[in-house]
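K.L.:
The hints should help you fit chain B onto chain A, whose structure is shown.
The listed protein sequences correspond, in order, to chains A and B. At position 97 of the first sequence (counting the first as 1) the number is 97 in the working numbering, and the numbers step up by one without a gap. At position 58 of the second sequence (counting the first as 1) the number is 58 in the working numbering, and the numbers step up by one without a gap.
Be careful, since some hints might not be right.
What the hints assert, rightly or not - Cross-link-like lysine to aspartate or glutamate pairs, in silico, EDC-like; alpha carbons within 20 Å at most:
| # | chain 1 | residue 1 | chain 2 | residue 2 |
| --- | --- | --- | --- | --- |
| 1 | A | K106 | B | D41 |
| 2 | A | K106 | A | E81 |
| 3 | A | K158 | A | D92 |
| 4 | A | K106 | B | D6 |
| 5 | A | K47 | A | E157 |
| 6 | A | K119 | A | D92 |
| 7 | A | K57 | A | D121 |
| 8 | A | K106 | A | D141 |
| 9 | A | K119 | B | E69 |
Said to hold, decoys possible - Derived coverage of chain B by chain A (criterion: at least 3 residues anywhere in the stretch with Cβ under 8 Å from a Cβ of chain A; other residues may be distant):
| # | region |
| --- | --- |
| 10 | 3-14 |
| 11 | 53-64 |
What the hints contain is simulated information worked out from the structure, not anything from laboratory work. Quick caveat, the model's predicted, so the values are computed rather than measured. Cβ atoms here follow ideal geometry from the backbone N, Cα and C, with glycine treated the same way.
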Amino acid sequence: MAAPKKKKKQVPLIQCVWGLLCSLSSIDQERNNISLFNVVDQINLPKQFFSASSGPKPLPFAHELVTLWRRTIDTTVDDRELLVEVEIALVDPRGVAIQQVLSPLKFAPGSRRARFRIKTDGIQITSPGDYIYRISIIPSDGTEPTVVWTIPLEVKEK
Amino acid sequence: MLIRYDNEADAKYVTLLSENQKKGVVARTEKIKPWLLVDYDKQGKVFGVEILNASQNQITLVVSQNRLECYPVPKSIAPTKNKYPSLEIFGEPAEEFSLSLAKK
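Just chain B, with the same shape it has in the complex:
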């Protein structure tokens, strides 16, 4: 996974492939949410994810066997002073999206 963050546009692009695998060209883009775009390559595989207004839309992505899932980042990440903040990713995927990475 690689990330490119555009400070001016406040957008984050997550490529799911490593640099040497990144030969695919984006063939199709699906708008999952107004702020969440998923790019597919020619074979219909998920290529990357673009998060618009990224500072507001913080999510956790989980990529496993042919699945891409999204979890919300819990509010406990914003801690009180002098306490350990605790980021906990528990439970089921968030309602935002959960889609297949396999060929469509």
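So that you can see chain A by itself, here it is in the shape it has in the complex:
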């Protein structure tokens, strides 16, 4: 009996080079450089925050998620416009995605890299522990997303 045919795995057309959380980012319009201020990987909250009531709580934590993407195929080989759907999910310590952002990310012809910034005024948190911003590329054929980057965020009781 012939072995079942394996479905061809799509090679992502773009790659996440880096991504992090910070309080503020600023782009120098003249030089097109980005400056990141107060890079965050942990937030400390008083114990009363979680003991008040159960369930998700809004945390007024203004921050930005900044990522840099690049084409996996060089523009000298393939310079076509690329349009990729990117999902950013905030996953709580139980592994539940509590916030999801789905956005198209377009690379114009000639563009080799792209920045992607999301600013948010707060998040919903369920408990102290390790949260993750999970960044995925979503294929257009209905198959499961490919996780390309994760950014940890520890929520600590103090």
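P.N.:
Coordinates of chain B only, in the frame set by chain A:
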């Protein structure tokens, strides 16, 4: 979230549930815009979003605690050559739609 893109029809369907949760059958469809349809399951929960003429109607969807919001994709996504394009999702949801994911 899963996406299925129909190249012929230029339509995009976004399912808000993962493959193993996708047991619901679309019970009702609401037309938010002529190009934007929202499907609900039998319990009245948002099941998926269909975007018609998808290449023209590019939007950012945000799903959080019982809310589904829509942001426009900024024009800065179309960059000048040799510069970093910068997609920035700042500020309040767009006027397109913002609706509850909770039971109706």
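K.L.:
The structure should be examined with respect to each hint, and the outcome stated for every one.
P.N.:
Each hint, compared with the structure:
About 32 Å separates the Cα atoms of K106(A) and D41(B), which puts this hinted pair outside 20 Å; it is violated. Restraint check: the Cα-Cα separation between K106(A) and E81(A) comes to about 7 Å, which is no more than 20 Å; the hinted pair holds. Taking the CA atoms of K158(A) and D92(A), the gap is near 19 Å; set against the 20 Å cutoff, the hint holds. Proximity of K106(A) to D6(B) is assessed by CA-CA distance (about 18 Å); at most 20 Å being required, the pair is judged to hold.
This hinted pair checks out: K47(A) and E157(A) have alpha carbons roughly 5 Å apart, not beyond 20 Å. A threshold of 20 Å between alpha carbons decides the hint, and for K119(A) with D92(A) the separation of about 19 Å falls inside it, so the pair holds. Pair hint K57(A) plus D121(A) holds up; C-alpha atoms about 14 Å apart against a cutoff of 20 Å. About 18 Å separates the Cα atoms of K106(A) and D141(A), which keeps this hinted pair within 20 Å; it holds.
Between K119(A) and E69(B) the alpha-carbon distance is near 15 Å, which keeps this suggested pair within the 20 Å criterion. Under a criterion of three residues with beta carbons nearer than 8 Å to beta carbons of chain A, the stated coverage of the region 3-14 of chain B is upheld, 5 such residues being counted. Requiring three or more residues with a Cβ within less than 8 Å of a Cβ of chain A, the coverage given for the region 53-64 of chain B holds, as 6 such residues are present.
Comparing the model with each earlier hint shows a violation of hint 1 alone; every other hint is respected.
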